[in-house]
Amino acid sequence: MFPVIKGAAYILAHTPDMVLHNGTTQTTERTVNPDSDYLKQVPKNLRSLEQFVSYPPNQTYIGNLSPDELAEIEMPWYDKSVEGGAAIGEMGEIFAQDEFIGWIKISDVFDLVLLEKDFTDSIRAKIEGRTGLADNFRTALSEGVSAERIEKEIADKGAEALIHDGQTVGCVKRAHDIDANLNAHVIFENLVSKASAAMALVTLIERWDIDPESIDYVIECSEEACGDMNQRGGGNFAKSIAEMAGLIHATGSDTRSFCAAPTHALINAAALAQSGIHKNVIILAGGSTAKLGMNGKDHLKKGLPILEDAVGGFAALISENDGVHPVLRTDLVGKHMVGTGSSPQAVISSLITAPLDRGDLKITDIDKYSVEMQNPDVTKPAGAGDVPMANYKMIAALGVMRKEMERGDIPGFASKHGMVGWAPTQGHIPSGVPYLGFATKDIMAGKIHRAMIVGKGSLFLGRLTNQFDGVSIVIETNPGEVEADTGVSKEEVRQMVAEAMRSFAASLTE
Amino acid sequence: MDLENQRRVLEFTEEFGAENMLIILGAAEAEAAGLAAETVTAGDPTYAGPLAGVSLGLRVFHVFEPEIKDELDPEVYEEQLGMMEMVLDVDEIVEEMKGIREEHGQFN
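Here the protein sequences line up with chains A and B, keeping their order.
For the first sequence, the residue numbers in our numbering are 1 to 510.
For the second sequence, the residue numbers in our numbering are 1001 to 1108.
A couple of the hints might just be wrong.
What the hints assert, rightly or not - With a straight-line Cα cutoff of 25 Å, these simulated DMTMM-like cross-link-like pairs (lysine to aspartate or glutamate) come out: (1) K362/A x E1085/B; (2) K301/A x E1031/B; (3) K380/A x E1031/B; (4) K403/A x E1085/B; (5) K301/A x D1044/B; (6) K362/A x E1078/B; (7) K335/A x E1079/B; (8) K380/A x E1085/B; (9) K380/A x E1092/B; (10) K297/A x E1031/B; (11) K126/A x E206/A; (12) K6/A x E243/A; (13) K302/A x D1002/B; (14) K441/A x D367/A; (15) K302/A x D1044/B; (16) K380/A x E1095/B; (17) K416/A x D68/A; (18) K302/A x E1029/B; (19) K416/A x E1085/B; (20) K380/A x E1004/B; (21) K297/A x D79/A; (22) K335/A x E1085/B.
Simulated from the structure, these hints should not be mistaken for lab results.
Isolated chain A, as found in the complex:
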């Protein structure tokens, strides 16, 4: 029987200081042009936590505002706010930067992160209050150290500063004197990814009341790599994150494919759950500080605040069929193959219509397509257009070429079968998966019947191939007791077996 998706959780960490100190657009500028006006303007154009929380797309990301409700708010959104918008959402949570720094500290098990004593005390209650954390991590903040000690590590030993409200509140030490893969910068980025994934995992466990001991496997699908100089991408962020939430019966592994990775992870998890190898599989990913303020120059030029001020994360639980939750149609999976080619037409056909054809479905039989759900408020001013809208237009155009739709239906297709984008531009985070939570909810409520999750990735960034990548999978209403993959119900099977036994018995008496 097809596996099911039980629920998803989403987190955002508001990281204004990290925009300036850790986003590559800003760190590159500091190297190339240290006195630039842009660097002086950045701190004056960062959003407060209140502005960040009430920002409509962020409210959608954590489940407080549906995609339909977001679409009703006139764009641009950066100057709008959701009244009463809370940091705690139906499907997720927004974390303040100081708390996030605390999570970075407890994610470190090699004594590489030092936090100042008073700062540690100021965040202790928040960390220790997380019931989803394993006890040994919940209490891992320790006492904290003096500010002098931290300054010394930064000045003399190449440690990376942790800054909050313009003050150095801690540092990440290097893990090796020579190995570039273990320098303070790499350790910092890996801990950011681990911490934000752990925040999503803990949120998932707390929100959906999941028994941590019931989880068999974790697939991590971020865009980072961990290891030393002898195994640069050795990996298994997954297990390190599972440990933090006390998933004592789980192991795990990492899946990589740039922005396509979360959908690969979803399909892999579905296969494990359907085959019975593992009953309960969690897919998850944390975010990255490198992408903070990526389009900051364009945003400031157009009078906008810095909108890329969040580290994102997500987690979702895939399990064996329970007859209730939406099923993952593992027979309706799309894949961009090595031989597919890179024209948009070939890409969209391989991801959208190839799986639909297998199920004898039309493009319009999918109620909602979840593509790259990047927030257009961020991408449009940067000249990258409205990414989800561009995808919907392509899907609709393909529908016209296949004569399933009229050309005049193209403009209306996006609002009917698509959604406005709401996810932060954190690469893999906006790709297909932001809708998993809403899809589960809307399918169970009978609001929609069928959705397609599409992930696409730009492999050329790794300089190993010019190949593009992408995969997709259909999610739909659970038919209940019906064996959906054979179309035969349990009752029918029982009758067939009874009939066979009767004829067998008859053959014996003949």
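Using the hints provided, position chain B relative to the given structure of chain A.
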């Protein structure tokens, strides 16, 4: 334009000569196409890459422009580009490209 692509355009131009170069763009928006066209004619407007301050004046077209489209096998064009032609604002792209060529092109 991507810095690596700027470097390659510059290297090919040095190797084969500017008069023998033809740049074909596939950008999805007029603004992006215009910026790329400007980069290989007037020079990198962002002053970030190898073509900053280098005015090559190369021949540059968008793949949707008739000069290129008419050279292609219609079947291949339909298969590879027909869908995108339906989706994008071709007129706006063509207009933008013409403007850049007239202003900065040296081999029109």
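Here's how the hints hold up against the structure:
1. K362/A x E1085/B: holds (22 Å)
2. K301/A x E1031/B: Given that 25 Å is the threshold and the Cα spacing comes to 16 Å, the pair holds.
3. K380/A x E1031/B: Holds, at about 12 Å.
4. K403/A x E1085/B: Roughly 17 Å between the alpha carbons, so the hint for K403/A and E1085/B holds.
5. K301/A x D1044/B: Satisfied, since the Cα-Cα distance of roughly 18 Å is no more than 25 Å.
6. K362/A x E1078/B: With Cα atoms ~21 Å apart, K362/A and E1078/B stay inside 25 Å; holds.
7. K335/A x E1079/B: holds (19 Å)
8. K380/A x E1085/B: Given pair K380/A, E1085/B holds - Cα atoms ~21 Å apart, limit 25 Å.
9. K380/A x E1092/B: Satisfied, since the Cα-Cα distance of roughly 17 Å is no more than 25 Å.
10. K297/A x E1031/B: Roughly 17 Å separates the two Cα atoms, so the pair holds.
11. K126/A x E206/A: Holds: K126/A and E206/A sit about 14 Å apart, inside 25 Å.
12. K6/A x E243/A: It holds: about 21 Å lies between the C-alpha atoms, which stays within 25 Å.
13. K302/A x D1002/B: It holds: about 22 Å lies between the C-alpha atoms, which stays within 25 Å.
14. K441/A x D367/A: Distance of about 14 Å is within 25 Å: holds.
15. K302/A x D1044/B: Roughly 20 Å between the alpha carbons, so the hint for K302/A and D1044/B holds.
16. K380/A x E1095/B: Between K380/A and E1095/B the Cα gap is close to 21 Å, so the pair holds against 25 Å.
17. K416/A x D68/A: holds (10 Å)
18. K302/A x E1029/B: Given that 25 Å is the threshold and the Cα spacing comes to 19 Å, the pair holds.
19. K416/A x E1085/B: holds (22 Å)
20. K380/A x E1004/B: holds (24 Å)
21. K297/A x D79/A: holds (18 Å)
22. K335/A x E1085/B: With a Cα-Cα distance of about 24 Å, the restraint between K335/A and E1085/B holds, given a limit of 25 Å.
Violated hints: none; the structure is consistent with every hint.
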